[in-house]
Each structure stands twice: as structure tokens, then as C-alpha cells.
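Colleague: Let's have the full structure, built from the sequences with the hints guiding it.
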Amino acid sequence: MQIDQKMSGDITVVHISGDITLNQGGDVLLKDKIQSLLQQGAKKIVLDLGGVAYVDSAGLGQLVQIHATTKNQGGALRLANTTKKLKDLLVVTKLVTVFDSYESEKEAVASFN
Amino acid sequence: MDARLQVTDSSGRRLVTLDKPVFLIGRRTAADLQLVNADVSREHAEITNDGMRYLLRDRGSRYGTFVNGEQITERPLEHGDRIRLGRTDAIELVFMTDGSSSTHISGLRDIGSDADLRQMAAILNGLRALGSGRVLEEVLTLVLDSALDVTKAERGFIMLARPDGELEFKTARGRGRITLPGTSFTTSAKIPREVFQTGESRIVGDLMEGNLAGMHDGTIAIGIRHVLCVPLNVNPMATEQNIKPHIIGVLYLDGRERTTILSQQTRSSLEAFATQAALAIESARLYAESAEKARIERDLLVAAQIQQALLPTGSFETSFVDLAASSVPCRTVGGDFFDYLDLGARGFGFGLGDVAGKGAPAALLAAAVQSNFIAQAPVSGDPADTLTRVNNALLRRAIEARFATMFHGVVDVDGNLSYCNGGQEPPLVLARNDGISWLEEGGPVLGLLPGATYAFDRVKLEPGDLVVICSDGVTEARNAAGEEFGRERLIEAMAGCHGTKPDSALERLFGAVRKFSQGTPQGDDITGLVLRYRGRPN
Numbered sequence: 001m002q003i004d005q006k007m008s009g010d011i012t013v014v015h016i017s018g019d020i021t022l023n024q025g026g027d028v029l030l031k032d033k034i035q036s037l038l039q040q041g042a043k044k045i046v047l048d049l050g051g052v053a054y055v056d057s058a059g060l061g062q063l064v065q066i067h068a069t070t071k072n073q074g075g076a077l078r079l080a081n082t083t084k085k086l087k088d089l090l091v092v093t094k095l096v097t098v099f100d101s102y103e104s105e106k107e108a109v110a111s112f113n
Numbered sequence: 114m115d116a117r118l119q120v121t122d123s124s125g126r127r128l129v130t131l132d133k134p135v136f137l138i139g140r141r142t143a144a145d146l147q148l149v150n151a152d153v154s155r156e157h158a159e160i161t162n163d164g165m166r167y168l169l170r171d172r173g174s175r176y177g178t179f180v181n182g183e184q185i186t187e188r189p190l191e192h193g194d195r196i197r198l199g200r201t202d203a204i205e206l207v208f209m210t211d212g213s214s215s216t217h218i219s220g221l222r223d224i225g226s227d228a229d230l231r232q233m234a235a236i237l238n239g240l241r242a243l244g245s246g247r248v249l250e251e252v253l254t255l256v257l258d259s260a261l262d263v264t265k266a267e268r269g270f271i272m273l274a275r276p277d278g279e280l281e282f283k284t285a286r287g288r289g290r291i292t293l294p295g296t297s298f299t300t301s302a303k304i305p306r307e308v309f310q311t312g313e314s315r316i317v318g319d320l321m322e323g324n325l326a327g328m329h330d331g332t333i334a335i336g337i338r339h340v341l342c343v344p345l346n347v348n349p350m351a352t353e354q355n356i357k358p359h360i361i362g363v364l365y366l367d368g369r370e371r372t373t374i375l376s377q378q379t380r381s382s383l384e385a386f387a388t389q390a391a392l393a394i395e396s397a398r399l400y401a402e403s404a405e406k407a408r409i410e411r412d413l414l415v416a417a418q419i420q421q422a423l424l425p426t427g428s429f430e431t432s433f434v435d436l437a438a439s440s441v442p443c444r445t446v447g448g449d450f451f452d453y454l455d456l457g458a459r460g461f462g463f464g465l466g467d468v469a470g471k472g473a474p475a476a477l478l479a480a481a482v483q484s485n486f487i488a489q490a491p492v493s494g495d496p497a498d499t500l501t502r503v504n505n506a507l508l509r510r511a512i513e514a515r516f517a518t519m520f521h522g523v524v525d526v527d528g529n530l531s532y533c534n535g536g537q538e539p540p541l542v543l544a545r546n547d548g549i550s551w552l553e554e555g556g557p558v559l560g561l562l563p564g565a566t567y568a569f570d571r572v573k574l575e576p577g578d579l580v581v582i583c584s585d586g587v588t589e590a591r592n593a594a595g596e597e598f599g600r601e602r603l604i605e606a607m608a609g610c611h612g613t614k615p616d617s618a619l620e621r622l623f624g625a626v627r628k629f630s631q632g633t634p635q636g637d638d639i640t641g642l643v644l645r646y647r648g649r650p651n
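Protein sequences appear in the order of chains A and B. Using our numbering, you'd call the opening residue of the first sequence number 1 and step up by one each time. Using our numbering, you'd call the opening residue of the second sequence number 114 and step up by one each time.
If you are wondering where the hints come from, they were derived from the structure by calculation, not from laboratory data. The structure displayed is predicted, hence computed values, not measured ones. Treat the hints with care, since some could be wrong.
Think about it this way: if two alpha-carbon atoms lie no more than 25 Å apart in a straight line, the pair counts; the simulated SDA-like pairs of lysine to any residue are [said to hold, decoys possible]:
(1) A:K31 <-> B:P563
(2) B:K133 <-> B:D145
(3) A:K31 <-> B:P474
(4) A:K84 <-> B:P474
(5) A:K87 <-> B:K133
(6) A:K71 <-> A:F112
(7) A:K87 <-> B:D145
(8) A:K85 <-> B:Q635
(9) A:K87 <-> B:E430
(10) A:K87 <-> B:G528
(11) A:K84 <-> B:A593
Modeller: As C-alpha cells, this is what we get:
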């Protein structure tokens with residue numbers, strides 16, 4: 001799993017590619033990344049998941065966790081470019097209402113303004 | 114044979130000839146070698162010469178006499194032996210026989226070393242042949258002590274490569290068979306790394322020479338100037354057979370004195386020795402690993418037995434329902450579970466769950482979810498109430514980012530099924546004529562969201578209707594091409610099963626998954642439960 005990040009105004013856009021799974025340690029990498037962003041004072045985070053092919057249950061749990069952590073620290077985390085597969089997973093697990101999801105990174109960034 | 118002592122103390126270095134049959138060393142004025150130091154007794158030790166050899170004898174000194182770090186009462190001296198009086202290194206005596214500088218004598222000495230090393234190599238080879246359970250520490254110590262004995266170096270280290278490729282100190286020994294305390298030492302960082310990377314031995318005669326001083330600051334600061342470092346290669350024939358060498362670490366020796374450490378002969382025999390040492394170290398390490406692995410596997414097998422014992426029997430019937438269930442973990446232990454219980458007037462309760470993650474951690478959480486379910490179901494008003502309680506119970510003992518999905522249903526004697534689906538792959542109801550419906554009502558996964566709300570729905574079952582619940586290991590089972598089993602194949606597999614016995618329907622489903630995946634290793638546990646409503650008993 002690879003994580004890239006860029007700034008768009010005061011919004012941090014985190015782009016993830018590869019699988020978010022327990023086996024590849026992606027779930028922990030993601031958590032560490034978001035925690036370090038929050039420590040640096042980031043409040044508005046867009047998670048671009050366009051490059052993510054597969055999320056397993058551990059990865060899903062981590063997504064919910066970082067969403068909650070961000071919220072607890074007064075920030076907001078929004079998803080962009082979620083694949084069909086991930087959307088289905090969110091629907092089955094009924095977690096779809098937990099996240100604010102947007103079709104594109106642009107829309108997700110715009111939603112903060 | 115004439116002999117001398119090279120004396121190094123606060124007044125510098127000098128040579129003293131051992132020209133008397135009994136040569137006294139002590140603090141008193143009349144001693145042949147007078148040394149003024151608090152650790153030296155008035156009559157500390159003597160060296161006698163019977164014409165054949167020189168014998169060092171302690172004269173009952175207060176702080177003892179040591180040769181090459183070992184305390185002695187009496188010991189024949191050999192060229193190069195270091196004598197220490199008392200506890201400090203403030204005074205150092207080196208015994209030298211005449212002509213020690215001549216190549217002839219030092220050559221003889223080297224042959225001696227070779228023989229010693231060959232013997233050690235044989236011992237190590239024997240150790241390895243035994244495939245012995247010698248602990249790694251012991252082997253490392255043995256290797257270092259032999260290398261120190263032979264080279265007369267002061268300190269010896271074995272550094273082994275960690276999985277990330279960095280060298281790590283494993284054992285540090287000083288001359289006289291002592292373990293040097295601590296976990297890090299002042300050694301050259303550059304030399305071992307180079308030896309490890311290139312597989313070539315390095316002798317550095319004097320760190321002060323060749324403008325190397327700057328690179329070895331730390332080492333020079335403590336007076337170490339001579340270094341011999343050889344690779345620990347478990348694949349010594351590599352170059353000849355065009356196989357990659359396999360270097361597991363380095364053997365590093367250093368000292369303040371130019372001893373045999375610098376001889377080419379010592380180097381080549383030490384290299385041969387290091388190969389045997391490497392093999393012995395590697396087999397000790399593998400042995401330790403496999404012992405540890407065997408222990409973990411035993412634990413897991415016990416855990417798997419406990420887990421199977423936690424699951425109820427895979428088939429059950431009451432007067433109005435019967436069911437079949439089975440769970441196949443992809444590892445020794447799994448994260449799936451099923452359970453069922455009699456809820457009296459409310460009917461027959463059943464559930465199937467799947468914990469995020471795999472292996473032992475998932476199995477523990479699965480056991481927690483299952484026991485919560487069994488505890489909460491009888492005191493709950495409806496399935497949604499049960500899952501709300503389980504969710505809260507899990508949140509009270511939250512394990513970060515760990516959750517479970519679970520389906521729970523209650524069917525009464527008239528076929529009224531009430532159910533709540535907590536993020537589980539929706540079960541299907543197979544009605545007459547292969548009518549399909551999915552059980553989706555419920556709430557989010559369990560153990561993740563505080564205050565999550567759960568709803569339940571009611572479905573009327575007719576006699577012969579089947580409720581088929583699977584973990585996502587079924588729908589996400591993969592074949593060699595990477596395709597998923599999916600819901601369509603699930604429907605296909607169940608076609609025509611209406612009214613059949615649950616165990617045959619379940620076998621049909623698992624058979625279809627097996628046929629589809631064709632032995633492709635699965636990444637998830639595969640669990641299924643089939644329940645049949647048999648109709649109101651007469």
C-alpha cells in the first residue's frame with residue numbers, strides 16, 4: 001500500500017493506492033498516517049480511495065476507527081472515489097451512513113468550503 | 114631459552130629479562146620486578162625457570178594473578194601470554210621468549226593456532242552433526258572464546274543480521290572467557306558492515322594508519338587499534354558453485370596489541386573456522402526457531418480444540434425446525450462462529466457471526482461475541498434488542514478497529530421468523546419454487562459504533578423453507594482465476610433444495626464452493642448454517 005499526500009488550501013488530501021488489508025499491514029499504516037496528520041493539526045482530511053482495489057474487514061474497521069478519531073479531535077474525514085466494491089461492502093455492513101462519501105476528490109474538497 | 118617480560122605501567126613500557134631461576138614480582142623493594150600499585154601484594158608472584166620452561170606461580174597475593182584473563186595459582190607460560198596482577202589493567206606484563214620476533218618462531222606459533230582452530234572446527238562440525246539443541250548463546254560463546262584463545266585478541270564480537278539486514282550484537286566476550294556487559298560496544302561500524310556486504314575478510318593493522326583515524330574515532334578513543342573481521346558464511350562453496358553466498362553475520366576481533374590477529378595465516382584459518390561456526394550458529398538458530406514454532410503450533414492446536422468445543426454440534430432439531438451448520442477455518446483457528454438456543458415461548462434462536470481479522474486474535478474475539486450472544490439472547494425482547502446489547506458489551510471492552518458481523522434470528526412454532534442483521538452478508542430464504550429473498554434489515558457491524566441502532570424485521574416461513582446463512586468466506590471464496598463465488602452461485606447451488614434436509618443442503622453449498630475454488634487456498638474462514646422450518650407439529 002502506498003500513501004501520498006498533498007495540501008489543497010487547509011485541506012489535506014491523502015491518496016491511497018494498493019490494498020488496505022491486515023496481511024499487508026495497510027490498516028496500521030493508514031492509522032499511523034492519519035494520527036500523525038492529526039498531531040500536526042490537520043482538521044480537514046479527504047481520503048482518496050480511487051487506487052484501492054480491496055479492503056478487508058480489518059481495513060474496514062480501521063477506516064471507521066480513523067473516521068471516529070478524526071471526529072473526536074474536532075476534525076472531519078471524507079471519502080472520495082470509493083470503488084464499487086468498497087461501496088458494496090459499506091452497504092452490507094451498514095456502515096455507509098457513517099461516512100461522507102464523494103464521487104471525486106474535487107467534490108470532496110469542495111464540500112469543505 | 115631466554116625469556117623476557119614486557120612491562121607496561123604508568124612509567125611506560127620496558128623489557129625485563131628473566132635471568133634468575135626464581136624471579137620475584139611484587140611491591141617490596143627486594144623484588145626482581147618491583148611494581149608500585151595498590152593491587153600488587155608485597156610478594157605477588159614468581160616466575161621459575163627449570164631450564165625447560167617458565168612457570169608462573171601466585172605467591173598467595175591478595176588480589177590474584179591472571180593469565181590471559183584467567184586466574185591462576187600456577188601456570189606454564191607461553192610466548193605472548195598476558196599477565197595481570199590484581200583487578201586493574203594499570204599494569205600489563207607480556208611474557209616473551211627470545212627470538213619471538215623471528216619468523217621461524219612465530220610461524221610455529223601460527224601452526225599451533227591452525228591446529229587449535231581445526232580442532233574447534235571439528236568440534237563445531239560435530240555439534241552441527243548432532244543437530245543439537247545447543248542453545249544459540251552457548252554456541253556463540255564457544256565460537257568467540259576459541260577465536261580469542263587462538264588470536265590473542267582482547268575482545269571478540271559476533272554480530273548477526275536481523276531480518277531487516279542490519280547487524281546486531283549477539284555476544285561479546287573478552288579474553289579470559291568473560292562476557293562483556295552491555296548491548297552495544299565501541300567497535301568500528303564500518304568494518305563489520307563492509308565485511309557483511311562484501312563477504313570479504315578485513316584485517317586492519319592499525320586504525321591510525323592510512324588516514325582511517327577519522328572514520329574510526331570511537332574505536333581509537335578506547336585504544337583499540339587492530340581489527341580482524343571475517344564473514345559468517347553458511348554457504349562457503351558459493352563462489353565455486355555459482356550459488357549466492359549466505360552471510361548471516363560477522364565475527365569481529367580486536368585488540369590494542371599487534372598479536373597474531375594480523376597474520377595472514379590466522380586470517381585464513383579463522384575464515385575456515387568461521388564457516389563451521391556459521392553453520393553451527395545457523396543450525397542452533399533454526400533449532401530454536403523450530404522449537405518456538407512447534408510450541409506455538411501446539412498452543413494453536415489446543416486453541417482450535419477449545420474453539421471447536423465452544424461451537425455447538427453441527428446438527429440439531431426441535432419439533433418444528435432442524436438445522437445443520439459447519440465452520441472450516443482457513444488457519445488452525447478461525448474467526449467465525451455459530452450458535453443456537455431454545456428461547457422458550459419466543460421460539461428457537463440461532464445466530465452466525467464473523468469477526469474481522471484471522472487467526473488467534475480473531476478467535477478470541479469470536480469467543481467473546483459468541484458468549485455475549487448466548488448470554489444476551491434469552492433476556493432480550495427481540496433480535497434487534499439482542500444485537501444492541503451485544504454491540505454495547507463489545508464496546509465496553511473495545512479492541513481498536515476490531516469488530517464482528519452477526520446475523521441473529523428467532524423462529525417460532527408457527528414459522529414467524531424475526532431477525533436482525535448486524536452487517537452480515539445477507540442470508541437468503543429459499544421458498545417453494547426456488548423463490549429467493551434476502552434478510553437485510555438490521556444495523557451496522559458490532560463493536561465499532563457507540564450508540565448504533567438496530568432494527569428487526571419479520572418474515573413468514575412456510576414448511577420446507579430454508580434459511581441459508583454464510584460467512585463472507587463463502588461468497589468471497591476465490592478460484593484460481595481470482596473470481597469470487599458470489600451470490601449468484603449461492604442461489605444456483607441452492608436451487609431445488611427447498612424442503613430437503615439441512616445437512617444435505619449445506620453439503621450441496623460447500624460442495625459447490627469446493628468445486629468452484631478447485632483447491633485454491635482460501636483467505637477466509639468458511640462457515641455456513643442452514644435452518645429448515647418443518648411446520649407446526651401435530
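Colleague: All the hints need checking, so say for each whether the structure fits it.
Modeller: Structure-based check of all given hints:
1. Restraint check for K31 of chain A and P563 of chain B: satisfied, since their Cα atoms lie roughly 20 Å apart, inside the 25 Å limit.
2. Of the supplied pair hints, the one linking K133 of chain B and D145 of chain B holds, its CA atoms being roughly 9 Å apart against a limit of 25 Å.
3. Of the supplied pair hints, the one linking K31 of chain A and P474 of chain B holds, its CA atoms being roughly 19 Å apart against a limit of 25 Å.
4. Annotation: proposed proximity of K84 of chain A to P474 of chain B is violated, straight-line Cα distance about 30 Å (limit 25 Å).
5. For a cut-off of 25 Å, the pair hint linking K87 of chain A to K133 of chain B is broken: about 96 Å separates their Cα positions.
6. For a cut-off of 25 Å, the pair hint linking K71 of chain A to F112 of chain A stands: about 14 Å separates their Cα positions.
7. A threshold of 25 Å between alpha carbons decides the hint, and for K87 of chain A with D145 of chain B the separation of about 93 Å lies outside it, so the pair is violated.
8. For the suggested pair K85 of chain A and Q635 of chain B, the alpha carbons sit about 19 Å apart, so the restraint of at most 25 Å is met.
9. For the hint pairing K87 of chain A with E430 of chain B, the CA-to-CA distance comes to about 38 Å; that exceeds 25 Å, so the pair is violated.
10. Restraint check: the Cα-Cα separation between K87 of chain A and G528 of chain B comes to about 34 Å, which exceeds 25 Å; the hinted pair is violated.
11. As the CA atoms of K84 of chain A and A593 of chain B are separated by approximately 22 Å, the hinted pair is consistent with the 25 Å bound.
When each numbered hint is compared with the structure, violations occur for hints 4, 5, 7, 9, 10.
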